[in-house]
Amino acid sequence: MTSLVTARNVSKSFGPVRAVDNVSFEIEKGKITGLFGPNGAGKTTLLKALLGLTDCDGDLSVLGLDPFRQRKELMKNICFIADVAVLPRWIKVEQLLDFVEATHPNYSRKRSEELLARTKVRKDAKVRELSKGMVTQLHLSIITAVDARLLVLDEPTLGLDIIFRKEFYSNLLNDYFDGERTIFITTHQVEEIENLMTDIMFINDGRLLLNTSMESLAGKFVELVTSGENADKARQLGPIYERDVFGKKVMTFEGIDRDKVAAFGELHTPSVADLFVAKVKGAAA
Amino acid sequence: MITNQLALVRRELWEHRSIWITPAAVATITTLLAVAMVIAVAAFGEILNPDIEKIADATVPESVRRVALAGFLLGNTSVFLIAMWFLAIFYCLDALYAERKDKSILFWRSLPITDAETVVSKLLTAAIAIPLATMVAVIISHLLNLIIISIWLAAEGANPMRFIWGAVPLFDTWIAVTTILIAVPIWMAPLLGWFLFISAWAKRGPLLRAVLPIAILPILEYIVFRSWALGEAILTRLSIVTMPIFDSISHSGFDEDDLESILSENLSLVSWLDYGKFLTSIEVWTGLIVCGLFITAAIYVRRYRDES
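As you go down the protein sequences, you meet chains A and B in turn.
In terms of my numbering, the first sequence opens at residue 1 and continues consecutively.
In terms of my numbering, the second sequence opens at residue 1001 and continues consecutively.
Errors might be hidden in some of the hints.
[As the list claims (entries may be wrong)] Derived BS3-like pairs: lysine-lysine, alpha-carbon spacing no greater than 30 Å straight-line:
hint : chain 1 : residue 1 : chain 2 : residue 2
1    : B       : Lys1101   : A       : Lys132
2    : A       : Lys110    : B       : Lys1103
3    : B       : Lys1101   : A       : Lys76
[What the hints assert, rightly or not] Computed spacing ranges between beta-carbons, pair by pair:
hint : chain 1 : residue 1 : chain 2 : residue 2 : range
4    : B       : Ala1116   : A       : Thr212    : 39 to 49 Å
5    : A       : Val17     : B       : Lys1101   : 23 to 33 Å
6    : A       : Arg8      : B       : Thr1296   : 31 to 41 Å
7    : B       : Val1060   : A       : Ala125    : 52 to 62 Å
8    : B       : Thr1059   : A       : Asp124    : 26 to 36 Å
9    : A       : Glu94     : B       : Ile1139   : 22 to 32 Å
10   : B       : Pro1061   : A       : Glu94     : 52 to 62 Å
11   : A       : Ile162    : B       : Lys1101   : 56 to 66 Å
These aren't lab readings, by the way, just hints derived from the structure by calculation.
Note that CB positions come from ideal geometry on N, CA and C, so glycine has one too.
Using the sequences and the accompanying hints, generate a full structural model.
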């Protein structure tokens, strides 16, 4: 396996605040990694460091390059959508395609035009005349047409309605992802990408709480639904988090043998959203 | 590198349409003024513009008519120069500010273009694209103005070929104007650099942040040191007529007497400009160095500042 991203002890401070605190991880080729964290957890700072938009301490290598010092070289092989609102509002769709074509060596205008033909985005329209969903379609049509090895998405569907959000991810999988390419994504809408991720990372207070593959999730975490005496017994086994649901206790265990807890109630593999809450709140407790 | 620069400058023309709208508007206004003047002359029989009076006077010698025509065209050009001055300054002030205000900077920075390339493209737009657009408009305005006067003369029974087209030092004027248009941004370079730097740096209100220091620092200098060196340097740069390229004539500006002495001796406007003085002037070169420092600072700010 080849690592596209290697981070070792990466930190970034803003004054006394450590936005990213000693983070180490690797992202391998062909993976779709989701990065989750509450607001202010350091997600965006980490992404910015990966994209060379901000300097950081520690060793960070993206596609074998130092992102901050070799940003131009890096941007030939990386695409990113930072937020839906970043396309300049004054530009015409056609001008935007002209500009990317002139400045990006790995861009296929033809591909963009094919993708746009499937949408309602007119080439003579200005970005400000497009709806939020159409702006995202336009942006996606551009980055999908770049033959990039790594795609970084930071809250790409923020503010979009559910139809556009669903369409965004289905287009992403159908038009961009081919097993050779790699996607790194952050979003608050965990449920939407739960089924397409291959790997998952949790970050809170600048530290990585979790970094694992989706496949190994079931082996590492188990959720027990229990009540009464059984709950007290199960609590002895040290759940990382416990919550109440309809009068029952739901406990999340990490790295425990399923057989040990099976006797106390019903077992599930936690959803990513529940696991996220368990890890973040559990770590805070 | 060059393809990127061309694409970047073209993008500036898309975004800042004032770069071509302003000179086009000035050309329209000067042309409409010429039409109004001709109509006024036809209606009231009195010519208010002394240059036009000389041009239309059959009794004046050829050399005087030449001077009058050149004076008329230069007067017309000066309006474009003033417009270009404002255009260049306001463009620079907006160039690196607008992309942060509309948050498109993250999109631009997602493309394989360095911050240096982007900032340099903004400077090139101010120093080359704006003068070029102005020059095109000046040429069109000159031709339209002369055509309007020709029509009027023809209607009055005079021969425009003799009064206008045979006498006007058109190409000489155009080459001289082009030279001046190239020299202006070089002369203004430290100011353009300053405005671009403020544009990259200011979180809001770039105009105020750009103007206040250049207004207050000279006053402080006067209060503390009782000297006016900085104020004088800034005022000199803000003015076009102080350029060393005009050193061979008096600093009083485009004086009719100067013109007369130059053109009556069959000299040209082009030969009247002091290129050597301009290119060897310490002021010009220090100005370019100061501009370079501000541009470097602007690149640094765009590259290192976290916009989140």
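Note to self: Holds or violated: A/Lys110 and B/Lys1103, Cα atoms, limit 30 Å.
What the structure shows: Satisfied, since the Cα-Cα distance of roughly 27 Å is no more than 30 Å.
Next item on the list: Just tell me: holds or violated, for the beta carbon distance of A/Glu94 and B/Ile1139 against 22 to 32 Å?
Entry: 30 Å, holds
Next item on the list: Could you check the hint for me, namely that A/Ile162 and B/Lys1101 are 56 to 66 Å apart, CB to CB?
Entry: 31 Å, violated
Next item on the list: Go ahead and decide if the range 26 to 36 Å is satisfied by the Cβ distance of B/Thr1059 to A/Asp124.
Entry: 59 Å, violated
Next item on the list: State, for the Cβ atoms of B/Ala1116 and A/Thr212, whether the hinted interval 39 to 49 Å holds or is violated.
Entry: Cβ of B/Ala1116 to Cβ of A/Thr212: about 41 Å, so the range 39 to 49 Å holds.
Margin query: Hinted pair, alpha-carbon criterion (30 Å max): B/Lys1101, A/Lys132. Please report holds or violated.
Written below: 18 Å, holds
Check: Honestly, do A/Arg8 and B/Thr1296 meet the 31 to 41 Å range at C-beta?
Finding: 32 Å, holds
Note to self: Range first: 52 to 62 Å. Now tell me if the beta carbons of B/Pro1061 and A/Glu94 are that far apart.
What the structure shows: 57 Å, holds
Next item on the list: Go ahead and decide if the range 23 to 33 Å is satisfied by the Cβ distance of A/Val17 to B/Lys1101.
Entry: With Cβ atoms ~26 Å apart, the hint holds.
Check: In this structure, is the beta-carbon distance linking B/Val1060 and A/Ala125 contained in 52 to 62 Å?
Finding: 59 Å, holds
Item checked: 30 Å limit on alpha-carbon distance, applied to hinted pair B/Lys1101 and A/Lys76 -> 26 Å, holds
This entry does not satisfy hints 8 and 11, going by the numbered hints stated previously.
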